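Novice: Letter by letter, the chains look like this.
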Amino acid sequence: MSAQGANIPESDSAQLRLQAEVQYAHELDCLAEEDDRQKPPNWKLSPWAVKLYLLGGTLSDGTEITPKYLGNDRLIEIAIATLATDRALLLYGIPGTAKSWVSEHLAAAISGTSQLLIQGTAGTDETALKYGWNYARLLAEGPSDRAIVPSPMLTAMKTGRIARVEELTRIPSEVQDALITILSEKSLPIPETDSSIHAVKGFNVIATANNRDKGVNDLSSALTRRFNTVVLPVPESFEQEVEIVHRRSEQLGRALELPVEVPALDEIRRVVTIFRELRNGVSVDGKTKLKSPSGTLSTAEAISVVSSGMAMSAYYGDGSLKAGDIISSLTGAIVKDPVQDLIVWQEYLQAIVRERDGWKDLYRASRESL
Amino acid sequence: MNRIQVFGIRHHGPGCARSLLSAFQEWAPDVVLMEGPADAEPSLELIQTGEVVPPVAMLVYPKQQPRRSVSYPLAVFSPEWQALNWANEHSVPVHLIDLPMSHRLALDEAEATPEQVTEEQERQDDKTAENAPVWRADPIAILSNAAGYSDPELWWEEQIERRQDPRQLFEAIQEAMRSVRDEFPETREADLLREAFMRRSIRRVVKEDFQRIAIVCGAWHGPVLDEAALKGKVPGCRVKDDQARLKGLPKLKTTSTWIPWTYSRLAYRSGYGAGIQSPGWYEHVWTFGEQAPQSWLTNAARLLRKKEFDAAPANIVEALRLAETLAALRERPSAGLAELNESILAVLCHGNTAPLQLIREELEIGDRLGSVPVETPTVPLAEDLARLQKSLRIKPSVEKKVLDLDLRKPIGLQRSQLLNRLNILGISWGILQQSGGGISTFHELWELQWHPQFAVELIEANVWGTTVESAASARILDLARSASTLSALTQSLDAAILADLQESIPGLIELIRSKSAVGSDVVHLMEAVGPLANISRYSDVRGTQCSAVLPLLKEMLSRILIGLPSACQSTDDDAAEAVQQGILSTQAALDLIQDDELTEEWNQRLSRIMNSKAHGLLRGSACRLLIERKIINTEELNQITSLELSPVTPTLTAANWLTGLLQGNGLVLLHMDDLWKSLDHWLMHLNEEIFDELLPILRRAFSDFTGPERRQMAEKIRTFDLKAASRNSSNSLSTEKPIHSERARLVIPILSEILGVNND
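Residue numbers (full-length UniProt numbering), protein chains in the order written: chain A, 1 to 370; chain B, 1 to 760.
These are computed hints drawn from the structure, not numbers from a lab.
Quick caveat: nothing in here was measured; it's all calculated off a predicted structure.
Careful: at least some of the hints might be erroneous.
Computed list of chain A residues with no C-beta within reach of chain B, every gap over 12 Å [what the hints assert, rightly or not]: (1) Glu77; (2) Pro143; (3) Ser304; (4) Gln346.
To give a feel for the contact side, a few chain B residues facing chain A, derived at Cβ under 7 Å [what the hints assert, rightly or not]: (5) Leu322; (6) Leu326; (7) Val347; (8) Ser566.
PhoX-like, lysine-lysine: derived pairs with alpha carbons at most 20 Å apart [what the hints assert, rightly or not]: (9) B:Lys390 <-> B:Lys409; (10) A:Lys336 <-> A:Lys360; (11) A:Lys287 <-> B:Lys554; (12) B:Lys677 <-> B:Lys630; (13) A:Lys44 <-> A:Lys201; (14) A:Lys289 <-> B:Lys554; (15) B:Lys251 <-> B:Lys207; (16) A:Lys291 <-> B:Lys554; (17) A:Lys201 <-> A:Lys39.
Even glycine gets a Cβ: it sits at the ideal position worked out from N, Cα and C.
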């Protein structure tokens with residue numbers, strides 16, 4: 001809620017997490033050097049270079065650009081094209097689909113900073129989106145530009161950069177609507193000083209929102225119309241998802257210092273298979289249709305099933321991940337609604353788990369736990 | 001300019017069509033030679049009527065086997081159609097130059113087993129080079145790879161179809177194909193044969209007095225049909241080679257005609273390999289040319305608005321800007337279908353893909369149906385019907401006639417199947433009056449009446465297939481795909497089995513399987529298993545094979561087992577009645593398939609329902625089914641009965657339970673002495689007040705009993721009481737309320753007087 005967010009903090013080895021523009025400063029510099037294509041006003045890179053930054057590749061001088069987003073390239077192209085046409089971008093999707101990650105990198109590549117950030121919560125008020133007051137100065141001098149404390153949004157408008165709004169749908173609806181003027185008029189009136197701030201070219205907004213969460217405030221249609229929406233899906237390929245779950249649960253196991261061996265890839269494959277099958281409503285061989293439970297079954301949840309299974313086997317089991325160790329957290333992740341989801345899960349057990357070769361242990365474990 | 005000009009095209013390419021048309025307008029050929037079976041040439045006359053409206057298909061078939069027909073679909077954006085149309089308008093003769101179907105079908109016959117050649121397979125063989133990479137070099141893939149594109153379709157669309165400047169296009173295509181053919185020569189004998197025949201046809205025309213000869217053919221064939229090739233300057237194209245190759249070809253008698261076609265049959269969605277993915281988009285590009293993106297977005301927005309989605313005109317502008325920026329980002333000259341759809345998704349649909357499906361169906365594919373003039377020569381379907389009418393000895397007549405069919409005789413069965421198939425096609429020549437007398441399933445009474453409009457409907461029905469059987473199969477599958485409820489699907493399956501459409505049955509079963517898997521309503525499932533169980537019975541009576549029904553039935557039954565307990569919870573009266581009907585029909589199905597494991601589980605479910613807090617009707621029904629199957633013995637029943645009917649139970653619940661138990665059918669009560677006894681016992685032990693209170697409800701439970709049942713019950717009451725009395729002298733009735741003989745005697749004199757008997 002203050003202007004200091006716009007300043008790039010000093011790189012510090014003790015810092016828990018580095019901002020995108022700091023961590024990948026070298027890549028951004030090399031890209032900027034090589035980039036000779038047309039840039040929209042106030043963009044640090046051309047749209048083509050931004051795309052290369054997000055999707056990865058090799059520059060002509062041999063610099064390796066790491067891919068920031070693995071998945072459907074076309075979605076990133078739509079996102080960049082949206083920002084290039086002055087339309088605000090709404091990244092939509094279930095939790096754990098890299099929405100914030102993409103938003104951070106887009107802002108870093110386009111404006112050189114990802115720190116003009118407004119975190120949406122149920123308590124976010126209009127001052128977070130517009131401006132607040134320095135009350136000491138307000139009392140001393142009366143309303144003046146100097147007494148105004150600008151929000152990151154206001155800073156982005158003045159400097160022609162990208163503002164990020166995280167979890168837009170958690171913000172109360174009446175506060176959300178403050179964005180309408182900013183997005184359509186590209187200006188913000190300040191009645192107290194009888195003036196208004198006009199956005200400089202290059203200003204834009206990237207918002208992220210969650211479509212499967214409970215207790216969200218749906219966007220009004222007036223606001224929705226001002227965004228181009230890009231839905232980020234769950235990982236497309238099975239291998240990719242197994243890879244993500246494997247790596248993350250390994251890291252988590254290390255962080256918790258669990259005395260357990262690295263989980264067998266087979267067990268992870270099984271969890272990912274179950275999640276994908278239930279999520280897609282069809283078995284991997286494409287032969288059996290299934291019902292989908294009410295939960296999101298995101299990759300993030302698969303990770304937590306595996307890591308809690310690891311904890312189970314470490315403390316109560318023999319230290320290697322078995323069907324019995326994951327079954328309770330698996331059931332918990334899938335059965336969110338005690339009536340409907342239980343039916344879905346039982347049908348799945350009967351139709352798929354029981355019939356599949358080598359899955360008998362899981363079926364037996366499930367019969368014991370239900 | 002040369003006397004002979006080759007126009008290498010891609011079938012169904014709107015850009016090719018536009019370029020071809022403008023080239024024709026400029027060059028004005030005086031004869032047009034087209035790739036197409038030469039023996040179909042007589043059917044071109046129909047185009048001159050001006051009443052052929054695309055999409056249509058040219059159909060060639062052997063006179064004796066309409067089943068083996070081959071069709072050449074044409075849409076308004078097909079270059080061939082535009083060439084035909086132009087030639088017609090300018091009175092320029094058109095000749096078809098390809099190897100006649102009479103030879104090709106005869107060759108196929110000689111070559112292989114008489115396998116059915118579907119038109120699509122055939123088309124794939126001879127027309128769409130890009131879908132058959134295994135045995136032939138895919139020229140477009142080779143060229144697009146050379147240009148650095150991963151998607152050959154996209155490359156072709158951008159380079160050829162979306163090109164606004166037609167000049168030099170055909171020379172360029174010819175040049176490109178020539179270099180591909182140099183590297184990957186044609187090796188397939190069938191194609192070499194066709195090319196040889198085409199050259200021979202062209203040479204004949206060249207000898208005549210034409211100045212500007214236009215040859216319209218698939219781009220791949222272009223290089224071997226040009227002037228150099230005709231003169232034998234291209235390897236393997238000498239007159240001598242061609243003559244050797246074309247010597248002594250076998251021959252069949254064929255007929256050709258036109259039939260109406262649809263866009264969905266042109267599209268991939270129809271489930272066949274060949275065709276084009278987005279006929280609606282192609283037509284759009286054909287109509288609007290450069291303006292295609294704008295008008296496409298406008299159409300999409302209008303469609304969305306019609307379906308009550310929010311799509312403001314201002315957003316069309318935004319969508320267009322996004323599509324164009326995307327195209328620029330992807331380094332494309334203009335926004336294509338992919339960019340347009342993506343921007344519709346992001347701007348107009350707010351990331352929701354459901355409306356996009358609507359756009360795919362209504363705009364990308366479109367539901368256009370072509371038409372042909374009434375005087376179109378006989379279509380194969382009509383010929384097939386005429387043949388069947390003859391062999392089954394039923395003549396079409398405009399008079400009403402009643403036909404009595406005995407399904408045990410082959411001719412009766414076949415007639416019934418024919419009438420059922422025609423009904424599926426919407427040709428209601430016969431209307432089934434009644435099926436058998438009550439229980440017998442082998443008699444059918446049909447009322448026949450032929451209407452003249454059936455002839456037109458037969459022409460339209462050709463879209464579905466060329467024989468009555470194949471057309472009905474395709475139609476019923478199409479109907480089933482659009483069916484919204486499970487019971488509609490099972491009805492389709494029922495109809496397919498009545499009409500003996502073996503081909504469609506696996507598809508229908510698959511549809512039912514996927515529908516039942518996603519449906520969450522157990523009641524619907526339970527409704528559907530009844531007809532399915534019937535079907536397994538039909539399969540015996542009608543001699544059809546539907547072994548696949550049984551596994552499906554078992555699968556659905558296991559789903560019912562899982563879902564049943566929750567379906568029985570908190571139901572109101574109406575819902576309980578629906579569930580009860582479902583339980584009964586499931587029980588009937590289970591009795592029919594006799595699967596021990598399922599029956600065992602089913603009985604467990606029933607006992608659970610019986611002991612649960614479900615609606616009284618359901619508990620009663622469950623109890624009844626368990627008694628019938630002797631899962632519960634008399635003692636338990638006694639206990640359950642007294643529990644259910646105990647004084648604290650609300651009277652309505654008790655009555656519901658009783659209604660469920662009796663199920664409007666007294667026979668069980670009559671035949672099961674145990675049940676009879678428990679009820680009797682319970683009734684006897686009711687005290688008078690409660691009995692009075694329960695009487696109306698009891699009456700309701702008994703109200704559905706038939707007259708004979710009531711009479712038998714009355715009999716039973718007498719005999720049973722006697723038996724009971726003889727077994728047990730201290731019968732409750734006689735001890736508690738003895739006849740007061742003193743008081744009875746008092747009425748006797750009056751009674752005697754009324755009856756007119758003397759009491760001495």
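Novice: Keeping to a limit of 20 Å between CA atoms, is the pair of Lys287 (chain A) and Lys554 (chain B) held or broken?
Specialist: Between Lys287 (chain A) and Lys554 (chain B) the Cα gap is close to 17 Å, so the pair holds against 20 Å.
Novice: Quick one: work out the minimum CB distance from Glu77 (chain A) to chain B and report holds if it exceeds 12 Å, violated otherwise.
Specialist: violated (5 Å)
Novice: Taking the closest pair, is the beta carbon of Ser304 (chain A) still more than 12 Å from chain B?
Specialist: It holds; Ser304 (chain A) is separated from chain B by about 26 Å at its closest Cβ, greater than 12 Å.
Novice: Quickly compare the C-alpha distance for Lys336 (chain A) and Lys360 (chain A) to 20 Å and report which way the hint goes.
Specialist: violated (24 Å)
Novice: Decide if the proposed pair is consistent with the structure: Lys289 (chain A) and Lys554 (chain B), CA atoms, cutoff 20 Å inclusive.
Specialist: holds (16 Å)
Novice: So if I understand the rule, the pair passes when the alpha-carbon distance is 20 Å or less; does Lys677 (chain B) with Lys630 (chain B) pass?
Specialist: holds (16 Å)
Novice: Quick one, is the Leu322 (chain B) hint okay against chain A at 7 Å, beta carbons?
Specialist: holds (6 Å)
Novice: Beyond 12 Å from every chain B Cβ: check whether that's true for Pro143 (chain A).
Specialist: holds (35 Å)
Novice: Are all beta-carbon distances from Gln346 (chain A) to chain B longer than 12 Å?
Specialist: violated (5 Å)
Novice: Could you grab the alpha-carbon distance between Lys291 (chain A) and Lys554 (chain B) and see if it respects the 20 Å cut-off?
Specialist: holds (18 Å)
Novice: Is the straight-line distance between the alpha-carbon of Lys44 (chain A) and that of Lys201 (chain A) 20 Å or less?
Specialist: holds (13 Å)
Novice: Would the hint on Leu326 (chain B) stand, with a C-beta cut-off of 7 Å toward chain A?
Specialist: holds (4 Å)
Of the hints listed earlier, those the structure fails to meet are numbers 1, 4, 10 and 15, in rising order.
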